[in-house]
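Listed in order, the protein sequences are those of chains A and B.
Positions 12 to 321 (my numbering) are the ones given, in order, by the first sequence.
Positions -7 to 306 (my numbering) are the ones given, in order, by the second sequence.
Because the hints were derived from the structure by calculation, they are not lab data.
Treat the hints with care, since some could be wrong.
[Unchecked claim] Calculated Cβ distances over 10 Å to all of chain A for the following chain B residues:
(1) E12
(2) L27
(3) E114
(4) T131
(5) V137
(6) R165
(7) A171
(8) R176
(9) A182
(10) A193
(11) A200
[As the list claims (entries may be wrong)] If you only want the chain B side, here are some residues facing chain A, beta carbon under 8 Å, derived:
(12) R25
(13) E80
(14) R84
(15) V87
(16) L91
(17) K95
(18) W99
(19) A105
(20) A106
(21) R108
(22) Q109
For glycine and all other residues, C-beta sits at the position ideal for the given N, C-alpha and C.
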Amino acid sequence: MSEAWFAASLRLLDAARGNDRFVKVRALRQFWSAWQRAARLSPETVPPPLVDESTGMPPWSTWAEVLAEQRLGATLPPGDVDAAGLAGDGARARLRRREAAARLLAAVPPLPLETGRVEVRRVEGRRALVTLTLDRIGAAGLFVRVGADVSVVVDGAARSIMVDDDRARVAAPLVAVLERSAALPAPALAVQLAASGDDVVVERVTRGVVGPLSVAGRGRALQDLAGDDGGVLVMSFEELHAEIADNADNDVFAGDDLQTLWQALPTSLRGLKVFRDARVVATPTAAERIRSLAARRRMKTVVTVVDDPG
Amino acid sequence: MTEDASLPTTHQGVDAVVDEARRRQDALVAQVRALAADRRALDERLKDLTRGESGADADVAPPGLLASLGRRLRRRRRDGRRPGAHGEAALRARVEAALQETKKASWLADRFAALRQELDDEVRALHALSGRAGAAITTVNQALVAARVVVADEAAPAAARDEASRQRGAAERQERVLASLVERIAVLLASARGVIEVVDALHDDVDAFARAAATLTEGLSARARAVGVAEDARAVLAELEGALASLGGTLDEASIFATAVSERIAATPSSDPAFQQSLDTLVKGALARRAATSAVERAAALDTAGVGPTGARR
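If we strip away everything but chain A, and leave its shape as in the complex, we get (with noise of 0.2 Å):
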């Protein structure tokens, strides 16, 4: 399955085209090829893509386990990585074989099993406007990056963050509401962010998912439409901000109703509006139904058509 699994996959991603609000398309194709090769290098080091049904995505579990491997390969001195002398059955070919994965995994970037960022924009007055990034690979492995721009009272008694020549440290209600609501859709992202503390403001909240993904038969979210021999990766997209003239839904595979949700929020968060996007690379067939769908939902998602697996 590994082998059948990688490939379809690679070639989706191959396809996939990402922008600066999801976790970074090509690092993940190049880490997820690195993978294919090391665990056919050893596979008994290297796990292999266990999935998540849910998802068809390789859970936490597994990338930790695989990135855990990639940081032994970084700590080993130089070596040859696809030399002759790796075949054998004897200890020391079973460990050469292992370093050389190890290696073949280092030589790309990690991938985000958690990474948060702030940046200060600016400071007006006793305000700052601070935009908070946190990239996470979900429990389930969708590699989720939620974003947010959120005004703060830097001098006061009520003050969630302190400025300090243009470095910021956030405290921890903010990192933490980030951390815990990930996974949540951006509008009740933005309702935890604005109960985080009286003096904070949500000016937009931005969440880009890269998955769930059906290939080779795994993955039963979108197994309906991708068949067993095909394969569909979904990219959503969801934004909240002020500028967004008015609630507008492109995406096919969101389960709730964008306008009900909306309504859901408090007052002081009605004057930002909701867009939310899907990017669908799908297998040619696939790809038919994903647009067959979208047509009668009255959605405009962009499908991207790769090759059926020759």
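Given chain A's structure and the hints, the job is docking chain B onto it.
Then chain B, alone, in the frame of chain A:
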């Protein structure tokens, strides 16, 4: 050789280290998977809560629920309870750290297994070398016996021939035989020393890995602390030291053998005092040269490797 008895024990020790490391890795992976399952369940529960208390079947959040959630969070903050006080990030970090340590431990076990294999190969090479040395010395002994027979045969009709010429010829032949003997023994000793150096290097590697194992295990959490790994590593080290001592013994045996051969040559009676004198001179000279060379090399090796006179590590 003592390694016949000690090596199986070494294998068992390393196998135990490998098995233990893998068992611990499997246990940690199982725990990580269980944690991931818990996390999924919590995510689902949180989604359900934001959709409505009516349960997972509700697709749409009832109006006001998110606002209510916000009010609850504000109240928690006002009451002094930190909304960020949850342990998921810390838990993830701990699992990551444990996985990392487990990977290092299993890699260490793999290194031990590879070192064991290298040591086995070196021991086999040393066995073969000892066998070749024995055969070579037997050959030299036979050549010496034959040479003495020739000398004795040629000494009998000495009165009728040019005795000085014959003695010169016999002495030259003996000198060639002895030079060949000394050269072959020197080659064998050099080979044995090479093997010992390799084993010394292995010993250093094992020392380093044992120290690394001790450092690693100090940093492990209570669950992942591989006390067994460190103890087994020390046992393996002790057995490797035993094997090293055996290899050192083999070198000593080779030296003793060479000395015995030389002494036998020196002790062999000759009917010709002049020949005996020249033979003694040759043997003493060869022994003195070999002893001087060996002493210089041994001193340099001990100085470089930090090994005491008995092979014990300083």
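Comparing the hints with the structure gives:
1. E12: holds (16 Å)
2. L27: violated (7 Å)
3. E114: holds (13 Å)
4. T131: For B:T131, whose nearest Cβ neighbour in chain A is about 35 Å away, the distance exceeds 10 Å, so it holds.
5. V137: The claim stands: B:V137 keeps its Cβ more than 10 Å from every Cβ of chain A (closest is about 45 Å).
6. R165: Consistent with the label, B:R165 stays out of reach of chain A, its closest Cβ about 49 Å off (over 10 Å).
7. A171: holds (41 Å)
8. R176: holds (33 Å)
9. A182: Holds: least Cβ distance 26 Å, greater than 10 Å.
10. A193: B:A193 is indeed farther than 10 Å from all Cβ atoms of chain A, at 15 Å.
11. A200: holds (13 Å)
12. R25: holds (5 Å)
13. E80: It holds, given that the least Cβ distance between B:E80 and chain A is near 7 Å, below 8 Å.
14. R84: holds (6 Å)
15. V87: B:V87 check passes; min Cβ-Cβ to chain A is 7 Å, inside 8 Å.
16. L91: holds (4 Å)
17. K95: holds (5 Å)
18. W99: holds (6 Å)
19. A105: Holds. Min distance 4 Å.
20. A106: Holds. Min distance 4 Å.
21. R108: Status holds, d = 7 Å.
22. Q109: holds (5 Å)
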